[in-house]
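There are 2 protein chains.
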Amino acid sequence: MAASPACVDVVVVGAGLAGLTAARELVRAGRSVVVVEGRDRVGGRTLNATVAGAHVDLGGTFVGPTQREVLALADELGLAASPTYDEGANLVRWRGRTREYKGMIPFPIGPRALLGVGWAQWRYERLARAVPPGAPWTAKRAEELDGQTLASWLKKIRAGSGARELMTLVARLTWACEPEEVSLLHALHYTAAAGGMDALYTTAGGAQDRHFHLGAQTLSTRLADALPEGSVVLERPARKIEWSPDGAVVRSHSFQVSAKAVVVAVAPQHRADIRFAPQLPLAHRQLPSRWPQGTITKAYAVYETPFWREAGLSGQSLSDIGPIEATFDASPSDGSRGVLLGFAGGDNSRAFERLPDQERKRQALAAFAALFGERALAPVGYLDQRWSAEEFSQGGPTAAVPPGAWTRYGPTLAEPVGPIHWAGTETANRWTGFLDGAVSSGKRAAADVLAKLG
Amino acid sequence: MAASPACVDVVVVGAGLAGLTAARELVRAGRSVVVVEGRDRVGGRTLNATVAGAHVDLGGTFVGPTQREVLALADELGLAASPTYDEGANLVRWRGRTREYKGMIPFPIGPRALLGVGWAQWRYERLARAVPPGAPWTAKRAEELDGQTLASWLKKIRAGSGARELMTLVARLTWACEPEEVSLLHALHYTAAAGGMDALYTTAGGAQDRHFHLGAQTLSTRLADALPEGSVVLERPARKIEWSPDGAVVRSHSFQVSAKAVVVAVAPQHRADIRFAPQLPLAHRQLPSRWPQGTITKAYAVYETPFWREAGLSGQSLSDIGPIEATFDASPSDGSRGVLLGFAGGDNSRAFERLPDQERKRQALAAFAALFGERALAPVGYLDQRWSAEEFSQGGPTAAVPPGAWTRYGPTLAEPVGPIHWAGTETANRWTGFLDGAVSSGKRAAADVLAKLG
Chain A
1 MAASPACVDV
11 VVVGAGLAGL
21 TAARELVRAG
31 RSVVVVEGRD
41 RVGGRTLNAT
51 VAGAHVDLGG
61 TFVGPTQREV
71 LALADELGLA
81 ASPTYDEGAN
91 LVRWRGRTRE
101 YKGMIPFPIG
111 PRALLGVGWA
121 QWRYERLARA
131 VPPGAPWTAK
141 RAEELDGQTL
151 ASWLKKIRAG
161 SGARELMTLV
171 ARLTWACEPE
181 EVSLLHALHY
191 TAAAGGMDAL
201 YTTAGGAQDR
211 HFHLGAQTLS
221 TRLADALPEG
231 SVVLERPARK
241 IEWSPDGAVV
251 RSHSFQVSAK
261 AVVVAVAPQH
271 RADIRFAPQL
281 PLAHRQLPSR
291 WPQGTITKAY
301 AVYETPFWRE
311 AGLSGQSLSD
321 IGPIEATFDA
331 SPSDGSRGVL
341 LGFAGGDNSR
351 AFERLPDQER
361 KRQALAAFAA
371 LFGERALAPV
381 GYLDQRWSAE
391 EFSQGGPTAA
401 VPPGAWTRYG
411 PTLAEPVGPI
421 HWAGTETANR
431 WTGFLDGAVS
441 SGKRAAADVL
451 AKLG
Chain B
1 MAASPACVDV
11 VVVGAGLAGL
21 TAARELVRAG
31 RSVVVVEGRD
41 RVGGRTLNAT
51 VAGAHVDLGG
61 TFVGPTQREV
71 LALADELGLA
81 ASPTYDEGAN
91 LVRWRGRTRE
101 YKGMIPFPIG
111 PRALLGVGWA
121 QWRYERLARA
131 VPPGAPWTAK
141 RAEELDGQTL
151 ASWLKKIRAG
161 SGARELMTLV
171 ARLTWACEPE
181 EVSLLHALHY
191 TAAAGGMDAL
201 YTTAGGAQDR
211 HFHLGAQTLS
221 TRLADALPEG
231 SVVLERPARK
241 IEWSPDGAVV
251 RSHSFQVSAK
261 AVVVAVAPQH
271 RADIRFAPQL
281 PLAHRQLPSR
291 WPQGTITKAY
301 AVYETPFWRE
311 AGLSGQSLSD
321 IGPIEATFDA
331 SPSDGSRGVL
341 LGFAGGDNSR
351 AFERLPDQER
361 KRQALAAFAA
371 LFGERALAPV
381 GYLDQRWSAE
391 EFSQGGPTAA
401 VPPGAWTRYG
411 PTLAEPVGPI
421 HWAGTETANR
431 WTGFLDGAVS
441 SGKRAAADVL
451 AKLG
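As you go down the protein sequences, you meet chains A and B in turn. When we follow the UniProt record's numbering, the leftmost residue of the first sequence carries the number 1, and every step to the right adds one. When we follow the UniProt record's numbering, the leftmost residue of the second sequence carries the number 1, and every step to the right adds one.
Since the hints were made in silico from the structure, they are not lab data. Be careful, since some hints might not be right.
Stated by the list, open to error - In the DSS-like style, the derived pairs of lysine-lysine whose C-alpha atoms are separated by at most 27 Å in a straight line are: (1) A/Lys-156 x B/Lys-156; (2) B/Lys-156 x A/Lys-140; (3) A/Lys-140 x B/Lys-155; (4) A/Lys-155 x B/Lys-140; (5) A/Lys-443 x A/Lys-240; (6) A/Lys-140 x A/Lys-156; (7) B/Lys-156 x A/Lys-155; (8) A/Lys-155 x B/Lys-155; (9) A/Lys-140 x A/Lys-155; (10) B/Lys-156 x B/Lys-140.
What the hints assert, rightly or not - Over 10 Å on every C-beta distance to chain B, these chain A residues come out as not near it, computed from the model: (11) Gly-118; (12) Gly-134; (13) Thr-138; (14) Lys-260; (15) Pro-292; (16) Gln-358; (17) Gly-454.
What the hints assert, rightly or not - Here's a subset of chain B near chain A, in silico, CB distances under 7 Å, partners left out: (18) Arg-99; (19) Lys-102; (20) Gly-147; (21) Thr-149; (22) Ala-151; (23) Ser-152; (24) Glu-178; (25) Glu-181; (26) Gln-269; (27) Ala-272; (28) Leu-282; (29) His-284; (30) Ser-289; (31) Pro-402; (32) Gly-404; (33) Thr-412.
Quick caveat: nothing in here was measured; it's all calculated off a predicted structure. Ideal Cβ placement from N, Cα and C applies to all residues, glycine included.
Just need the whole structure built from these sequences, with the hints factored in.
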């Protein structure tokens, strides 16, 4: 039990995509690495599953053409991504009516509302363009942008009810929270780091362009498989890190490993689950309590065929009634099954996740049926994933940062402390919150560690 | 090491004022109780110290006449409170000038500003009166009030720069945060729970009316001393609580105790430091990451005499330059020493606490001297307390709740889960954030447990 600790060059905490990418880079540079992981699997916020013979992604799913880091990694790992189905009409269910639309923004309530939605979007995009990716606290008027919620800003610019309701859907889908919870600066920065709203919300050519037919978690399983045997230690959550300028000991129950450097690759909120001795500096200690994860649930229904395509529908939708605010066609590319993916975020997720299994299924299928017809009520399989129920996630997909945090704690987010470095998609400068940000953050942390180890 | 666990009726987690009050009530009702505490002392966010022979309160200090719960407890414990010195003029240092004022609100910049400050205050108070203490989420327009920061609201009502700067001082002094960080609804509720701004910010007759000449921590040491021997177990932070409908086991390192019920009496943020098995429901799990503590530092300078009194000054001040935004005369009632107490909260505290010891002392004394003259530079003793540096505080004095949290997680704050009940001043309906709220929350939790145990 109290054997002398194993000793390596670097310990990585967290075997998600960020941590495993860091481990890969370090091993490539000739360093010895141990990755400690609390879960009984690798992949963090990505998770493959099979429902009625169809592959589904219970966590991070999509990749887009400007996400060069994750695309390059997938290429290296020989993992192919297929286009997300994007033909036919999108649907928007709004104030009791369902309409078709094309493109990113639904125009549900006539030209007046269209004008309002477009105007609010234009103002939002203009603000976002002025926020430097990776350093939002340096934006002009950063303190003012960070001192208000997205909801406050929408009121201040006198956005109409159409624009405000649409932005509520956007917030639920993007940060899995309500506009009342999130800092305007956080929202703008997230948008800026993705390259704008088009890049974020477009399917073909945007962030939902493709997905991996073997599942996004396969990125992590292949990364782990390529590490030296025994590098990844599962079911050993890092509970304590004792550190000095020269190195650190990472402890879990009945396990410990010492190293010259540590890469902590967990969501900022979960840094609080690790005790550091000596304590971290104040801003590092306080950051986790200012960086909460959102709340998201994904629901999958699998059908014999993607029947909505016959009706000229893309399977993509937005809806102003819960529990599902958005859907995608996530069918396998060979068309062997039809798969509808529904997202519930923020208040939708909080309401949805507490329901009994059968009631969640009933509500999700009812939401699908309201959009795509009665056939949606009879899937051959159904599965949902409540990320908030996971001990090592407690929410997701990414952080929903409240006002005042970025300007005060942002510079701390990826700032090393002694031998301790930080990774995770929340620390990325580009595509933060996405698979791509996880990869780039892992590479950045590994490069920093290598530079330090010399 | 693995001896069979001790078994009692109730385990209380946290030997602060709330936890010890709960323990007292439970023991009085004939229940067996163990209180587990992470620190090496009781008293939580109260802490007695002596500087150059003078008693100082490094944590919670003051009590006011409408704080009936803590006054009644002090009476029972035979602990006397003396009036805070409140004669002479208060000072406000503002935009490079220092002026005298009387009463609660300083009028530093002429009648125009006075009008603006009074008008903003009037609007704030009117909103606060409509927020039900203990249930702010039931307020009319709660979602709207909770969807904005205090800073957003001040802009929205077009408060002048005087009113905004004054409210910044108020936020630093009250929640130890900036107006940009805190939900308007949280601020209003905190004010409502205290009975209004007069009650909060007045010295004589208000929340700073008196302090205990033996120190506020003595409330807790006397409570602990009156418990059966061995009831309080120090240096055993609760790390894990395994629970079922019938009871729970509370575990620390090399210590465990089982009970029929548990009272967790730590700040909401610190509930996250305990792992629960099975996990708590979603809202309970997420609440700690939505309920951050503020950031406060207290600085004490002790002088041979309270020399400022000779100049007709009360020792009370507000200042718009850091690091100290407010001072009080905290001299012992026999006048044997002069004691100045300075508060640094929010950004002031974040900047102050990272300075080296000597530099903090230099800056605090310079701040005192700018208000009370050169004699303030030569104290016979100096001591400050950075609550953010404490492993079991990590901030203080109380929570600075961001937007969106009260309306979504407020109903969860004191809601029991199986055998687990919640106490702590943040869960109080009246005088939340104060000693009084700690006492009432402990009594409420004990009463709930007793009702359940039958």
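Tested hints:
no. : hint                  : verdict
1   : A/Lys-156 x B/Lys-156 : holds, 8 Å
2   : B/Lys-156 x A/Lys-140 : holds, 20 Å
3   : A/Lys-140 x B/Lys-155 : holds, 18 Å
4   : A/Lys-155 x B/Lys-140 : holds, 18 Å
5   : A/Lys-443 x A/Lys-240 : holds, 24 Å
6   : A/Lys-140 x A/Lys-156 : holds, 19 Å
7   : B/Lys-156 x A/Lys-155 : holds, 10 Å
8   : A/Lys-155 x B/Lys-155 : holds, 12 Å
9   : A/Lys-140 x A/Lys-155 : holds, 21 Å
10  : B/Lys-156 x B/Lys-140 : holds, 19 Å
11  : Gly-118               : holds, 24 Å
12  : Gly-134               : holds, 21 Å
13  : Thr-138               : holds, 17 Å
14  : Lys-260               : holds, 26 Å
15  : Pro-292               : violated, 4 Å
16  : Gln-358               : holds, 18 Å
17  : Gly-454               : holds, 29 Å
18  : Arg-99                : violated, 27 Å
19  : Lys-102               : violated, 32 Å
20  : Gly-147               : holds, 3 Å
21  : Thr-149               : holds, 5 Å
22  : Ala-151               : holds, 4 Å
23  : Ser-152               : holds, 4 Å
24  : Glu-178               : holds, 6 Å
25  : Glu-181               : holds, 3 Å
26  : Gln-269               : holds, 5 Å
27  : Ala-272               : holds, 6 Å
28  : Leu-282               : holds, 5 Å
29  : His-284               : violated, 11 Å
30  : Ser-289               : holds, 4 Å
31  : Pro-402               : holds, 3 Å
32  : Gly-404               : holds, 3 Å
33  : Thr-412               : violated, 11 Å
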